Every structure is written in C-alpha cells, then in structure tokens.
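J.: Work the whole structure out from these sequences, hints included.
Residue numbers (this note's numbering), protein chains in the order written: chain E, 1 to 405; chain V, 1001 to 1405.
By construction, these hints were calculated from the structure, which means they are not laboratory data. All of these numbers come straight from a predicted model, not from anything done at the bench. Ideal Cβ positions, reconstructed from N, Cα and C, are used throughout, including at glycine. Please note: incorrect hints may appear among the correct ones.
As the list claims (entries may be wrong) - Computed far set for chain E versus chain V, every beta-carbon distance over 10 Å:
hint	residue
1	Tyr12
2	Arg23
3	Pro29
4	Gly67
5	Pro133
6	Thr154
As the list claims (entries may be wrong) - If you want the footprint, here are the derived chain E segments under chain V, 3+ residues with CB under 8 Å:
hint	stretch
7	316–324
8	330–336
9	348–361
Said to hold, decoys possible - Computed footprint of chain V on chain E, listed as stretches where at least three residues anywhere in the stretch have a Cβ under 8 Å from a Cβ of chain V:
hint	stretch
10	49–59
11	112–126
12	307–313
13	387–401
Number of protein chains: 2
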Amino acid sequence: MAVGLGPLPDFYPVAGLRLGVARAGIRKPGRRDLVLMALDEGARVAGIFTRNRFCAAPVLVTRDHLGQAAPRFLMINTGNANAGNGEQGRVDAEACCSALAELSGVTAQQVLPFSTGVIGEPLPVEKIRNGLPEALDSLSETRWAEAAEGIMTTDTLPKGATRRLEIDGQPVHISGISKGAGMIRPNMATMLGFIATDIAIEPALLQALVSELGEQSFNRITIDGDTSTNDCCMLVATGKSQAPELTADSPHLPAFREALRDIFMTLAHAIVRDGEGATKFITIRVETAANQQEALDVAYTLAHSPLVKTALFASDPNWGRILAAVGRAGVPDLDLTGIEIDLGDVALVRNGGRAADYTEARGQAIMDQSDIGIRIALGRGDVSETVWTCDLSHDYVTINAEYRT
Amino acid sequence: MAVGLGPLPDFYPVAGLRLGVARAGIRKPGRRDLVLMALDEGARVAGIFTRNRFCAAPVLVTRDHLGQAAPRFLMINTGNANAGNGEQGRVDAEACCSALAELSGVTAQQVLPFSTGVIGEPLPVEKIRNGLPEALDSLSETRWAEAAEGIMTTDTLPKGATRRLEIDGQPVHISGISKGAGMIRPNMATMLGFIATDIAIEPALLQALVSELGEQSFNRITIDGDTSTNDCCMLVATGKSQAPELTADSPHLPAFREALRDIFMTLAHAIVRDGEGATKFITIRVETAANQQEALDVAYTLAHSPLVKTALFASDPNWGRILAAVGRAGVPDLDLTGIEIDLGDVALVRNGGRAADYTEARGQAIMDQSDIGIRIALGRGDVSETVWTCDLSHDYVTINAEYRT
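T.: Next comes the structure, spelled out in structure tokens:
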C-alpha cells in the first residue's frame, strides 16, 4: 500500500559499475537475495552509517575496509542482518569478503559487505559463498532493476531513481536504489541506499556530498523512530565519464549537486512512501526556529507522536494533538502566542489557539489527501528543517506484531 | 481490556474532605462529568503539573490560585480540556471558579479548576454553572467511588486506592483516585490524580512529598509518550486526624511516606493497566547506569519504541528489537559488551550477543505472561530507574483513529 510510489525508472547505466544478482536461499528459497556491485579500478566510494551503538558486523567491516583499500565490490545480502552476533558476526562477514575475493582476484579488504534481515541469527556464510558464482556470472551494467529487487526485504515495491545531465558538454549519469520500510524491521531490518555516478569526484568532495545530502534526505525520514543497526548509504563515483573531475570549486558542482540531491530525496522519500502500513506521506516543516536542534526536536516530536500519526491515518484534522506535540517538544521558553501552525495551506493555529478563519471542513479537505504538509513556525529565529514521515495504521501493528516465523 | 486491574476498593473516608458529583451534560448527557472536592478550613494542598508548554487554562489558573489563597474546592470537569483556547480559556476557567465561589461563600481564588476532555473547543461555562448546585447538594465524605467514576473519560474502569495506618496510636487515612488511559487522549485528554489524607502535613513537606512520589510514579509511566496539556496530580492534607502534624524530621514520616508511595504507585500503575488498547503491563528497569539521565533515556527509548511495543503485543520474544532500542538511546560511549538484558528471570543478552543459555522457549514463556519485566544493566555506575508502560495493539490504533464525532 505504498503512497504515490511509481514503478522503477529505466535506469541509465553507470559506466564502470556492473551489477550481479543471485538466488542464494539465505532465508527463503527462490528469491533474489544476494547482490554484487562490481567497480572498475579507479572508482571511489564514500558512505554514511547508522548511529546505533549496536551497529552490525558488516557495518564495522565496511568502515574498516573503506580505510584500507580501494573498493572493488559492494556485496549485499538480505534475509539476515548479521547484527547482535558478537565477535562471530565479524568473523562471518570477513569470511564472505574473503570468499568473493578469492573468486574474483581482489583482496578481501576491497570488498564492502552489507546485510539486512533478521537480527541475532548467525549469518549463513555457506549459502552466501555458494551464491557468489551465480552473482558474478550475471554481472552487467544494465541489471539495476534486478538489484533494486534483490536488496528488498519486506518492501512492497523496489525503489530506484536515475538522472542524466551534461557537464562541460559530456553526458553524466547518476543511478541509485534503496530499500527499507521501517527504520528497523522486525525480521528484515534496515534502510540501505546505493547511489552511483560515472563522473570522477575528488575524494573529500565525495564524502562531503554523501554526508550533506544523506543528512538532508535519509537522515530526515522516519517511519517509527527505530534506527536500524545496519543503515548505510553509499555513494560511488566510477570516473568513467568524459566530464572533468568534480572538485569543491568546480563551476559544475551546483548543477551536479542538485541532480544528486534529487536522487537522494527520491530514494529516501520512496522508503517513507513504502513505510510499514503507510497510507499518507507527511512533510513536516519547522520554520523560524532559533537553531537546528529545536527545529528538529519539534519536527521529530510530531513525526513520532502516535497520536498525531493515528489522527493522520484517520484523516482527522485533530489539531489539538499537533499543538500538544509542539508543546512537549522540549523547546525552552517557547512563546505559545507566537507560534503558527498550518495544515497544507490552511491556517490552523494562531495566537495560542485555533486560527480565526479555521473550519473543520477546510482542515478535512487537506486531511483527505494522501500527501500532507504540516508547517510550524516558531517565531524565534531563521532556521528551518524538514522531516518526512508516514501515518500509523492498523497495518503497521499487523506487520510488526507478526511472529518472526 | 485493562491488565490486572481490579474493582475499586472500599474507600476510607478522609475527614475534612467531602465529594460531590453531578451530571452536567458537558459533552454527553446523563453521565457523571462534574466532581467537587470540598475542603474544610485548614486543609493544605500541593501539586505537580504538566510540563507541556501548551499547558491548559485550568492548569494556569490552579497554579495562580494555589499561590493566592487557602483552597476550599477542587472542581473537576470531564468532556472538555479547556486547552488551546487562548485567553478565552482563562476567562472561562475563572468564570467557573467565580460561579462556585458565589454559591458556596468562598472566594474564586479558593477554587482550583481541573479539566479533561477534547482540546480546542470552548468550555461550556453555562453547563458547568448549572451543574454546580447538584454537585454541592451531594457533598459527602463517602462519595469517593462516584468521584472516581466522575473524572473518567475513555478510561474503561475507575481507578482508586485507599490505606489506613496508625501514627502515634491515631488512625490516619489516605484515599486517592486517578484517571487517564493515554498521556493525552484525542477527545478526552489527560492524566489526573487526586490523593487526600487526614493527617496534618507541614506545607513544605507536603509539596516535597507530592513532587518526590509523583516523580517516582505518575512521571514514570507512559502509554504513548504524548504528554497531555492538562496533567495534574494533587495531594491534600486536611489535618483532621488526631495524629501529630508530619514534619520533615518526624519519626513517623518513613512509615507514612511508604503508605503514600503505595497509593501513588497503585494509582499510576492503574493508568498504564488501563492504557489505550493495553494487553500487557510492562516494567522496564535500567540498572548500573552512570547517571539518571541515561537510565531514563534507555528506559523511555524502549517504552516508546513502536517495534518493542508491537513485539510485546504479539508476545514475541524479539530481543533484537530491545537490543537495537538500547543501542539508539543516545548513551555516549556505550560499551556493548558490558550490557546485560533480562526478560523476566531469563538472561537474554550477554557480551554483545544472545546469552549462551537463552532459548526461544524460555523467552516465549515470559512473553506469554501479562505482567512482563525487562531489566537492562548498563554496567556504567550505580543509578537505577524504573518506567512502566504497556504494549501497542490494534485497539490503540482503533481508539485513536476514531473520529472525534
């Protein structure tokens, strides 16, 4: 029941990056559950990772390997998160990297592992090892759609975005895929994003771009507030385009950043649109805050309020719940009379109470839509922040209350 | 579907306090919705209040009046929270106080108003005014049970506790009632607690007791993390017992405090047991924390995690969700290997992974119970905190997704 999420686009290939997919039977037989991204020599990779203290073994190994060698493979399995497995988890993740290294003639440190799935069960190393030949055999620049499907867990739809632009008269391509439907999933965990471009990007800028754009997109979405142990968002630049290398003072950077931001936003929003049980896509914008912290505190308090989320599910313009959530967000010395709250283009709260021209009918008209904006102006400064979330429905409870069996 | 919540006790009367109840038709006709507590001269009152910045008009008025005069009436209405009404809310709350003052020969400042119900609709002052004579006519020391019912909103059961003890050979009584089933309710808001004793208590000690015990009980429960705009917990000491006045260095204080704590805990836990859609009563205890803040951060992160709460609803010993919630609680430099997590008396997590002797069958046996304890030892210090909550069920969504009509 994804909200306004279309079919996959026709992906532009990204020269220098080939995708391979296998059915390794990691958790269930017959489904694509092992994905390889093979990078030609010279590709650069940067990433951002979960802030959960219990971060999973593959996240630790990927961070290690990134600092040790130039990556040649991203290896993604679903069905098992390899999280909560103590020291054995690292041993198993490294074993998979070594297996792929042996088969392909790279070093284990040139393999970055990613896992998503059930927490606390041993990684089935043997199944992954046995699936690698099939994945290697299938490597192709055109297999983006199959890869998008191969990293899904309980996502209802695969998620992808692709763009083509010209820089200095040369074609440049960006393609990306993502997965996730809760910040953490009971059985099948995690939000993952993989974005690749063929333009060369100077290493420090590559990291700056994934940090900045990841912060504005993947780090501003929430389904249920539960941060996964396995979240990763990786940006690859293969350098195969004829366009000149991008640097921090490149005149082409603004145009490229906009195209890349568009990809990040599309992939991140797709996760919310496919949120567990989601029936509404909600944009919460906090304006005129004194600082970023209070803007985010207010936005996330709303985004995580079960009462606000159930009201959205019910299409109920219950503005008292929004007002109460703002009031409990912990903003010091908040002056209630200066706050403005809008639902879509309808003024809801002014001067500490219901706006004079607000009517239930006007609020209801906004609530009946599937894409809903909530704007809160605090009247304390000039900082704005936006967070995206979905509603809380019966299906969320059903999905998350099902047994792991 | 309250969890382990019995019928009301036979309340001990508290000399010097009479209760009156009326059917004022505030929101729905025919139900008890207006409660008075009339205090004889000499009674002392202390309270703690919501920390929501949007605190409701009656809360502001009660805090004002408490500082201005010796209270003679607590006046509680359900059906309307008188919150989010701007300046008119205060005018209306004061008008109700004045109406009661005129009828009973006290001053308006001697009346403390409390409201619970829908946010953002004007208080029906005329209906309350018209209901006051019936409430005054019914004043009696024995009307505790009717009062417990009269402050309910969508609570499924009335909530009360009562104790008798002897101090210096003299009988002392404590009785109390509470209401609430979500920290804020969509239509019918708020957690309220009213506890009274006939022993005399020195004013500073009275405030210290309600602050300390309220913190340990009402401020440690959560249904959904949504703090109401109207929460109040009031402690009354009528001074009519023959026992000597309690002071901070009274030898009788420890025994009295224990009895009072028992009342506070029973009333607070009753709210969780009757939580919206609750099927489980959960005690989350965080031990060996470095400080109170991190203990509470971990406890509330679990208590508010939709994934932990849906797993509890499903009786699913999904320990990965608990582990992930601890990991994202924001505790700085948390050493994962030192953490212990127990479910009931079953060891769940040791050394960063599943405990060696843990089995699904043992976890399942605990999860199948209706009262469940989760213990988390952080291994960082000697601070402990306990928080109580309930699970997240389909009924929670149903209750909160219903239209206000």
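J.: Next step is simple, just say for each hint if it's right about the structure.
T.: Against the structure, the hints come out as follows:
no.: 1; hint: Tyr12; result: holds, 36 Å
no.: 2; hint: Arg23; result: holds, 25 Å
no.: 3; hint: Pro29; result: holds, 23 Å
no.: 4; hint: Gly67; result: holds, 21 Å
no.: 5; hint: Pro133; result: holds, 31 Å
no.: 6; hint: Thr154; result: holds, 13 Å
no.: 7; hint: 316–324; result: holds (count 7)
no.: 8; hint: 330–336; result: holds (count 3)
no.: 9; hint: 348–361; result: holds (count 5)
no.: 10; hint: 49–59; result: holds (count 5)
no.: 11; hint: 112–126; result: holds (count 3)
no.: 12; hint: 307–313; result: holds (count 4)
no.: 13; hint: 387–401; result: holds (count 8)
Taken one by one, the earlier hints all hold for this structure without exception.
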